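*Asks:* Chains as they are written, first to last, in our numbering: chain Z, 1 to 380; chain X, 1 to 217; chain P, 1 to 255.
Hints were generated in silico from the structure; no laboratory data involved.
Remember, predicted model here, so these are calculated numbers, not experimental data.
Hints are all accurate, no fakes.
Footprint (simulated), chain P over chain X, 3 or more residues, beta carbon under 8 Å:
(1) 143-152
(2) 172-180
(3) 186-193
Quick list of the computed label-pair ranges, beta carbon to beta carbon:
(4) X:L57 / Z:G38: 47 to 57 Å
(5) P:V30 / X:L57: 22 to 32 Å
(6) X:T119 / P:W49: 45 to 55 Å
(7) Z:T341 / X:A116: 44 to 54 Å
(8) Z:D235 / X:V200: 51 to 61 Å
(9) P:Q137 / Z:D186: 25 to 35 Å
(10) X:A12 / P:W140: 56 to 66 Å
(11) P:W49 / X:V200: 35 to 45 Å
(12) X:S173 / P:M1: 22 to 32 Å
(13) Z:E53 / P:L206: 47 to 57 Å
(14) X:R124 / Z:E308: 39 to 49 Å
(15) P:R216 / X:R125: 30 to 40 Å
(16) P:I217 / Z:T73: 32 to 42 Å
(17) X:G59 / P:A186: 26 to 36 Å
Examples of chain P residues lying across from chain X (beta carbon under 10 Å, computed):
(18) T72
(19) L75
(20) L81
(21) I82
(22) I163
(23) A166
(24) V172
(25) G196
Glycine is no exception: its CB is placed at the ideal position from the N, C-alpha and C atoms.
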Amino acid sequence: MIEFKSVTKRYPDGTVAVDALSLTAPTGQITVLVGPSGCGKTTSLRMINRMIELSSGQILIDGTDTAGQDAATLRRGIGYVIQHAGLFPHRTIVDNIATVPMLVGWGRTRARERAYELLERVGLDRRLARRYPAQLSGGQQQRVGVARALAVDPPILLMDEPFSAVDPIVREELQTELMRLQAELDKTIVFVTHDIDEAIRIGDQVAVMRQGGLLAQLAPPAELLAHPHDDFVADFVGRDRGYRALAFSNAQLPALREERTVRLGAALDGDRSGAGDDWLLVVDDAQRPQGWLDLRAGHRDAAADHLELGGTTACRDGSLRSLLDAALSSPAGRGVVIDDTGRLLGTVTAREVLALIEAERERPTSSAGSTEPLEKSTPG
Amino acid sequence: MSEYFTWLLDNAGQVTALFWAHTKLAVIPLLIGLVLALPLGWASRRIPRLYTPMVGLTGLLYTIPSLALFVALPGIIGTKILDPVNVVVALTLYTVALLVRTVADGLAAVPEDVQAAATAMGYRRFRRLVAVELPIAVPVIAAGLRVAAVSNVSLVSVAALIGVPQLGQLFTSGFQLFYFVPIVWGVVLCLLLAFLLDAVILLVARWLTPWTRAAQA
Amino acid sequence: MIDLMLAWLTDPANWTGSDGVPVRTLEHVVYSLVTLAVACAIAVPAGLWIGHTGRGTFIVAGIANGLRALPTLGLLVLFVLIIAPLIGNDLAFVIPSLVALVVLGVPPVLSGTYAGIQNVDPAARDAAYGVGMSGRQVLWRVELPCALPLMFSGLRSATLQIIATATIAAYVSLGGLGRYIIDGQATHDFPQMLAGAVLVAVLALLADLLIAGVQRITVSRGLTGRYRRTAADPPSAGPVAGGAGSEGDRVLDPV
Numbered sequence: 001m002i003e004f005k006s007v008t009k010r011y012p013d014g015t016v017a018v019d020a021l022s023l024t025a026p027t028g029q030i031t032v033l034v035g036p037s038g039c040g041k042t043t044s045l046r047m048i049n050r051m052i053e054l055s056s057g058q059i060l061i062d063g064t065d066t067a068g069q070d071a072a073t074l075r076r077g078i079g080y081v082i083q084h085a086g087l088f089p090h091r092t093i094v095d096n097i098a099t100v101p102m103l104v105g106w107g108r109t110r111a112r113e114r115a116y117e118l119l120e121r122v123g124l125d126r127r128l129a130r131r132y133p134a135q136l137s138g139g140q141q142q143r144v145g146v147a148r149a150l151a152v153d154p155p156i157l158l159m160d161e162p163f164s165a166v167d168p169i170v171r172e173e174l175q176t177e178l179m180r181l182q183a184e185l186d187k188t189i190v191f192v193t194h195d196i197d198e199a200i201r202i203g204d205q206v207a208v209m210r211q212g213g214l215l216a217q218l219a220p221p222a223e224l225l226a227h228p229h230d231d232f233v234a235d236f237v238g239r240d241r242g243y244r245a246l247a248f249s250n251a252q253l254p255a256l257r258e259e260r261t262v263r264l265g266a267a268l269d270g271d272r273s274g275a276g277d278d279w280l281l282v283v284d285d286a287q288r289p290q291g292w293l294d295l296r297a298g299h300r301d302a303a304a305d306h307l308e309l310g311g312t313t314a315c316r317d318g319s320l321r322s323l324l325d326a327a328l329s330s331p332a333g334r335g336v337v338i339d340d341t342g343r344l345l346g347t348v349t350a351r352e353v354l355a356l357i358e359a360e361r362e363r364p365t366s367s368a369g370s371t372e373p374l375e376k377s378t379p380g
Numbered sequence: 001m002s003e004y005f006t007w008l009l010d011n012a013g014q015v016t017a018l019f020w021a022h023t024k025l026a027v028i029p030l031l032i033g034l035v036l037a038l039p040l041g042w043a044s045r046r047i048p049r050l051y052t053p054m055v056g057l058t059g060l061l062y063t064i065p066s067l068a069l070f071v072a073l074p075g076i077i078g079t080k081i082l083d084p085v086n087v088v089v090a091l092t093l094y095t096v097a098l099l100v101r102t103v104a105d106g107l108a109a110v111p112e113d114v115q116a117a118a119t120a121m122g123y124r125r126f127r128r129l130v131a132v133e134l135p136i137a138v139p140v141i142a143a144g145l146r147v148a149a150v151s152n153v154s155l156v157s158v159a160a161l162i163g164v165p166q167l168g169q170l171f172t173s174g175f176q177l178f179y180f181v182p183i184v185w186g187v188v189l190c191l192l193l194a195f196l197l198d199a200v201i202l203l204v205a206r207w208l209t210p211w212t213r214a215a216q217a
Numbered sequence: 001m002i003d004l005m006l007a008w009l010t011d012p013a014n015w016t017g018s019d020g021v022p023v024r025t026l027e028h029v030v031y032s033l034v035t036l037a038v039a040c041a042i043a044v045p046a047g048l049w050i051g052h053t054g055r056g057t058f059i060v061a062g063i064a065n066g067l068r069a070l071p072t073l074g075l076l077v078l079f080v081l082i083i084a085p086l087i088g089n090d091l092a093f094v095i096p097s098l099v100a101l102v103v104l105g106v107p108p109v110l111s112g113t114y115a116g117i118q119n120v121d122p123a124a125r126d127a128a129y130g131v132g133m134s135g136r137q138v139l140w141r142v143e144l145p146c147a148l149p150l151m152f153s154g155l156r157s158a159t160l161q162i163i164a165t166a167t168i169a170a171y172v173s174l175g176g177l178g179r180y181i182i183d184g185q186a187t188h189d190f191p192q193m194l195a196g197a198v199l200v201a202v203l204a205l206l207a208d209l210l211i212a213g214v215q216r217i218t219v220s221r222g223l224t225g226r227y228r229r230t231a232a233d234p235p236s237a238g239p240v241a242g243g244a245g246s247e248g249d250r251v252l253d254p255v
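Kindly produce the complete structure, drawing on both the sequences and the hints.
*Replies:* Structure representation (structure tokens):
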């Protein structure tokens with residue numbers, strides 16, 4: 001557990017980067033610091049491992065004041081991941097990962113063994129071990145950065161905008177990977193980002209900070225979307241927060257409608273005369289949805305290149321957001337719901353999902369799925 | 001102190017002549033070198049396979065000590081040993097050696113989106129070079145030119161050892177007489193000339209690139 | 001002319017005695033090595049210190065720009081006039097020349113070392129502190145190895161500058177290969193001058209090649225982009241696990 005107790009950072013020229021910040025990053029959880037540039041989020045992070053010294057206040061790690069410890073020793077026990085990975089260009093990947101083990105006096109052999117282990121753990125091929133950082137893509141370098149931070153299995157991981165220099169697709173992969181790792185490792189993670197979507201996606205709790213190093217709101221993502229504390233937070237969280245909040249509410253599935261299907265590649269004659277519906281769902285041999293077929297187009301068979309592929313699918317235990325999105329994105333107007341193995345369960349319309357959302361809002365215990373009008377951003 | 005100024009007044013005519021000779025010997029190679037280096041640098045940028053050998057070869061030239069080159073050139077190009085042409089040719093070679101790389105790197109530093117935009121607007125290769133790429137590369141090329149100018153001024157004085165008249169003669173004659181005054185004046189005037197050439201290149205480069213000042217203002 | 005020079009170079013008489021090619025070459029090498037070593041002993045620690053602490057950077061800028069414009073011949077002659085009267089024995093002309101060589105060798109090494117440290121990727125430096133290295137460890141394990149390419153280019157400039165100026169210093173009575181040029185000039189022995197010029201050029205080239213070789217061995221391949229490929233590591237070897245394959249596998253061509 002990391003505790004900020006009224007931490008302030010004031011520079012000699014008088015600017016206050018962080019102003020009386022108090023917050024707790026609980027053990028085994030991801031705490032995300034998010035805010036516009038200049039809000040002091042990176043400064044706050046860097047004060048934890050004393051890359052920046054605080055001006056007043058205290059930072060406690062598991063109850064011990066960091067100020068009393070030797071800075072270098074403190075840092076060796078805290079994993080640190082930064083934006084451009086900061087790999088040492090003159091060292092191979094394996095030696096980069098082995099940096100901290102070597103610093104704390106493991107033997108070379110043991111340090112390297114550990115490095116190889118971590119390379120696989122962060123999803124990289126062992127064959128990359130003997131390469132140099134410049135030979136890796138940005139995303140791969142960032143994975144190495146994470147592996148290096150994990151090398152001596154520190155209980156705490158500090159991540160300073162680690163994924164903001166890679167493209168959106170890779171970023172999403174890295175976020176997923178981080179969440180997978182976290183499920184295995186249970187680290188206490190403090191994560192800095194300026195991307196509110198990233199914060200909401202990966203954070204167990206999110207601290208929104210504003211200019212001048214002030215904490216605007218500290219809350220779990222769903223809470224943040226549902227009840228922004230003030231206009232600043234509401235604004236920062238964004239306009240479609242009502243819709244995005246649906247991602248955090250799982251609902252009992254409505255009764256799914258049974259969908260007429262046809263096998264991929266099958267002839268169509270028999271199905272044409274069916275009910276007054278223009279769309280037919282095409283599945284493969286394992287009942288996995290492949291796409292919709294427009295009967296008005298007059299295709300003679302359900303060949304793969306006749307399919308409309310636009311729709312997303314929702315998982316049985318997915319969120320209301322994915323359910324609604326499946327319905328909205330489907331060319332037939334019916335969202336496809338599948339089970340864990342990808343087999344078709346049935347379909348649901350947007351109207352049905354909305355009814356479900358309305359029902360959720362009425363349940364007194366749950367606030368997660370609810371939305372508030374943007375204009376009326378009352379403190380919650 | 002007065003000894004220094006008395007000497008300068010007494011020898012004003014000769015010192016002025018030496019200063020002019022020095023200026024010519026330093027500037028002519030600079031201009032010829034620039035004219036030669038532009039196409040060579042452009043070529044080694046256009047044809048990546050040329051870059052490494054070109055830069056390697058010019059780098060090799062740069063390793064040859066100036067006095068050695070002054071002396072060896074008559075044997076290679078058939079001039080007389082005391083001919084100032086040797087100095088001009090040698091310094092031109094050094095200038096080219098320095099500038100080829102600078103021009104290539106300067107052109108390489110032109111942002112790719114700018115090049116792409118120029119191409120997309122219909123510039124042909126040569127016009128694009130003259131109208132877009134060279135102007136943008138001016139600051140880098142000017143920086144190389146300043147280094148070449150300043151080192152040329154120093155190198156010219158070495159030619160006094162093979163009897164080519166310029167400010168270096170103040171060093172040799174001062175040494176023979178074991179007399180400080182002309183040596184100190186030689187050093188001062190060399191520094192002055194280097195400073196002047198540096199300033200001229202800087203001003204011309206500024207005049208050619210008004211946008212760099214706009215960005216600062 | 002070239003025939004005469006070759007005749008001079010192949011004449012056994014020119015390869016023996018105190019003014020023979022081996023002795024002159026040895027002199028030139030010794031002067032250059034000694035002054036280079038002294039220059040490095042001054043410039044490397046100073047450059048490391050200035051680069052690591054960021055203090056005194058104006059010294060580097062001033063020295064690098066100012067000394068390039070100083071005429072080497074003027075500097076040599078001036079040093080002789082100042083220092084020689086203070087010594088008064090056989091070394092009266094040698095010491096000032098050597099001092100001048102050191103003075104000319106310092107700036108390239110100093111600015112190369114300083115620039116090398118300055119150019120270290122700030123993210124790498126930040127990460128080095130972040131993983132718990134002490135200031136000393138950051139300097140020795142990260143900054144210095146990353147600064148080596150620029151340090152070497154400074155060293156190469158200094159070496160060439162010293163060898164060239166040592167040649168000129170023959171004019172103020174220093175030994176070495178420059179003697180052939182200066183003495184040949186005095187006696188109008190052009191073949192000897194040309195031979196001297198060629199010998200100096202060859203020496204400079206060899207010295208540069210030697211340092212380039214040392215540089216190739218010392219500098220990490222991660223910095224030079226000269227990567228080794230093994231059978232286990234073919235160019236197409238992409239990451240397999242974890243979906244990393246979609247990130248693209250950038251493998252640079254060896255230069």
